[in-house]
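For chain U, the structure is supplied; the task is to place chain Y on it using the hints.
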Amino acid sequence: MLTVEELIGQYPNQVWLEFSPQERAAAWPATGDYSGDAARWNAYLNRLVLNAVLPWLQEESGTEPAVWPSEGALPSIWEFINGTAVTLGQTRIVLIPSEAIDIEEFCVPQEWVDIPSWNANYYLAVQVNPDEGWLRVWGYATHEQLKRRGSYDQLSCTYSLDREDVVDNIHVMWVARQLCPDEKVEVQPLPSLLRDEAEVLIAQLSQPALYFPRLHVEFEQWGALLESEICRQQLYQSKNSQEGAIVPAAVAAALQVPVNLSNWFQNVFEQGWQTIEELFGMADPNLSFAFRSLEMEPETPVTVRDLIDLISTSSDEERQKIAAQRLGQIGSGSDGASAALVHLIRTTEDEETRWAAAESLRTIDPGNPALGVQRVTDLGMQIAGHAVALMVALLPWGEGKVAILLRVYPLRGKTYLPRGLQLIVLDEEGETFLDTEARDADNYIQLKFGGDRGERFSVRVAVGDVAITEDFVI
Amino acid sequence: MRKRKHPIEMFSTFLKVDEPSDSIGPAWLTDSRLKQNMTRMSLAEPDAPEEYWTLYWLREALKDPQNTQARSHLSAYLEEVCYWTTLKVFQEVANISQSRADCFFIARAAAANPAKLFKNYDGVRSSLKTFAQFPLKTAILEEIRAGRELLKYSDPALLRAVTRKTLKEALQKAGLREPELSGCLLAWQCFKEIYVPATEGRSRQLKSPDETQLAAMAEGYNQLRKHPLAAADSQSVKKLLDQCVQSVRDSLRISTVSLDNCLFEPALASDDPIDALDEPAKEWQQIHSIISDALAKVQDPNQTLLKLWHGLAFRQSELGQIFGQKQYQISRQISRSQQSLLTVLAEWSASTLGIKLSSDQLKEMANQIEAWLDSHFQSFYFDVLKTAVQTELPAEIELLRLYYGQDLKPQDVARELQIAESVVNQRLGRVKQHLLAQLRSHVQTTLGLDLSSVSSADKRLSAFVDTFLEKAPYAVFE
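Residue numbers (the working numbering), protein chains in the order written: chain U, 1 to 474; chain Y, 1 to 478.
Because the hints were derived from the structure by calculation, they are not lab data.
It cannot be assumed that every hint is accurate.
Stated by the list, open to error - DSSO-like mimics (lysine-lysine), calculated; alpha carbons at most 30 Å apart, straight line:
no.	chain 1	residue 1	chain 2	residue 2
1	U	Lys-147	Y	Lys-119
2	U	Lys-147	Y	Lys-307
3	U	Lys-184	Y	Lys-119
4	U	Lys-147	Y	Lys-63
5	U	Lys-147	Y	Lys-226
6	U	Lys-184	Y	Lys-226
Please read these numbers as outputs of a predicted model, since none were measured by experiment.
Just chain U, with the same shape it has in the complex:
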């Protein structure tokens, strides 16, 4: 038998790593973490590989690698699929272990390729031999290679590359990462699952006698379910509980996994957060951000130029706000107007002014990236039978600051919110920080506030004693 040292010498362009019996023992998952032997074995191999490869990645790149999406999420991934994602700065790498003794193909589960927020820059082909205590990274593939040249197997929902198509020189990856870091292709976005759909799927897929949950529904649905941190955790827990499906009324509330708003800026959204168009079927169902009517002062200057000047020179918040609103009416087609509004959004200390500027910018320059992100979630019929939706709009400004607008709308054909419906923002300690309440004939209610990256808050929507709470982290 060859020693690992000898093997390293024979394959100078691959990576061979060893692990000790202690490291093997430590990689064995705790009882109860997985639903069965297959999942446990999968977790074991992936853990062995992850632990061995992380120091190598750090050494080669000089960057500290981070497990993606988080260490805590791993069981909910390894329960269902093979592979572990790691990020190195901007680069995402998925490690795909294989026990096979031959390397005729490199086989990657579809989830790592076709889930938009999951796919990676590089996929490492890792052959692992637990008994002999070694693994080797025998090559890598890019996302583009898997999509363009990989053959898709319907039976196992995997993409495979032949050995000849894999880059069997691992040093090339580090050079490629510097010189051509963009070897990814677009993948189809997955449909948003409604809460009801997700609950049905979870119940269906977590039946104990069901093998291969990942192969039982259309990939689009499966992928969407898995992509959502909340749904995946829920599926994992009910699969792992061995008691069949338990679906609590409010999936999110039961799990208390905060919605990560920073990810939204990277276009990564939790399941159930849709665009406004997706939920309402139109771009703007009375969605003006700030005000229902404009109050123009008579002395307000009336040319675009004057308005721009006023915004950049005035220190009067009120006058700036009114000028910004006016620009939304007459500033269309003027680059200067957009620029002035963007400047105001990013610099003003006043939340009302910021949202007024954003509203005007939306009108005259709807594609402007300074408009941030808006998503909406259907809260279902859970609040005393009232169907409502919660919208969260985010505007980045200053250094790592985010302006947040929350709004609650009626759904299912209703025009008005139920009287007395409350919208409450709670701080990290669970203390009420802001609140508002629907009166008669309110089309919506809203709250505006600001926060810094990393801060947590919760939003409670309540009618009487019945409430739904969503947790967020900025």
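Frame of chain U; chain Y shown alone:
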């Protein structure tokens, strides 16, 4: 080894392999069917050069992978690459349990499958032969490492240790067609999901699945099966798995290229002078100056490292001894140097040639650089030895010409030179000893090294001298 000169020869002759004595070549055997074919086709293209025929046969082989004629012509053409790659592997790898002839057969089998071997060959960056050496080396190494290992595995362990592709190919080779093929693959997939090693260790000798496990596999099978696969029970799943095992075991035998239908005749020893040592091929011209410039910037002692590694085929563990470092440090230094050369070549290719960089492109460039470094440093030491022969051993040139250049046996050389056969062997031994001493002293002085502490250094240097003597251009020696 005599160099094949004419395209007709190149595409119709094979090295003679003698398994009992484990020797490959130097004699060439002609496949008369291939020769007739080449002769006939050459009438239409009498002056077509080697490159014309390589591209012609490659195109034919890729167009129709079943075209055995095109495959055989290419296989013949790649004989030298198979030979030198086999030798290189034996130089680099210790304790190979297979024979040289076995490894050569592995390479030859891979060379006879151009659709796989040249799948990504672009015809631009490197010649067919340069390109082929990397996948051929991988084929041999993988077979050495894994091929025979599987034979030691119990049935369930074997099923866990193959890739889907290997299994599928084995099943196809065994003659399975749809829907039986899908049935077997699905059963295997269920096996992998349900049968896992319960405890660590001894995974080569896993026990057969029990009745409960088989029933669970049948359940999984039935959940996933689609028309027209029939429902399975534990017995039918077991049968499908047995079929998988049998097919894989059957496919493990090293497949030798079938040269059965050919009538072999010894190739005529040509009287032509043997070719000069490979000129730097055309493929290198473009990158030569780029890489040499970049190489000049590589710091000592990394220069020395690259010379010993690429030029003289020292092993990494030996380099570790020489430089007083761990092997992984040596490995890292070599790879850092290669990465920096790759970066230089890639940036130059992008800016000068307008090549859009990708991992595929970079992989080819990396192979190109590796081949260039090998050839660059080897030819440097070849020149050292060539000078030594010409200036210090002029009286032996005729002997070397007959023995190595014309591939004559010692007794035939003895007859030609009218000396005793024992004298021939004696003089050959002296030449080798002399060249070894020269090379050792040259390496020690120019690189400032002391090799006396490295016990296997002479082994590497001797191997290099042997290669030189086989490849040397005796015809142009004065």
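Tell me, in ascending order, the numbers of any earlier hints that this structure violates. Going through the list in order, the structure violates hints 2, 6 and respects the others.
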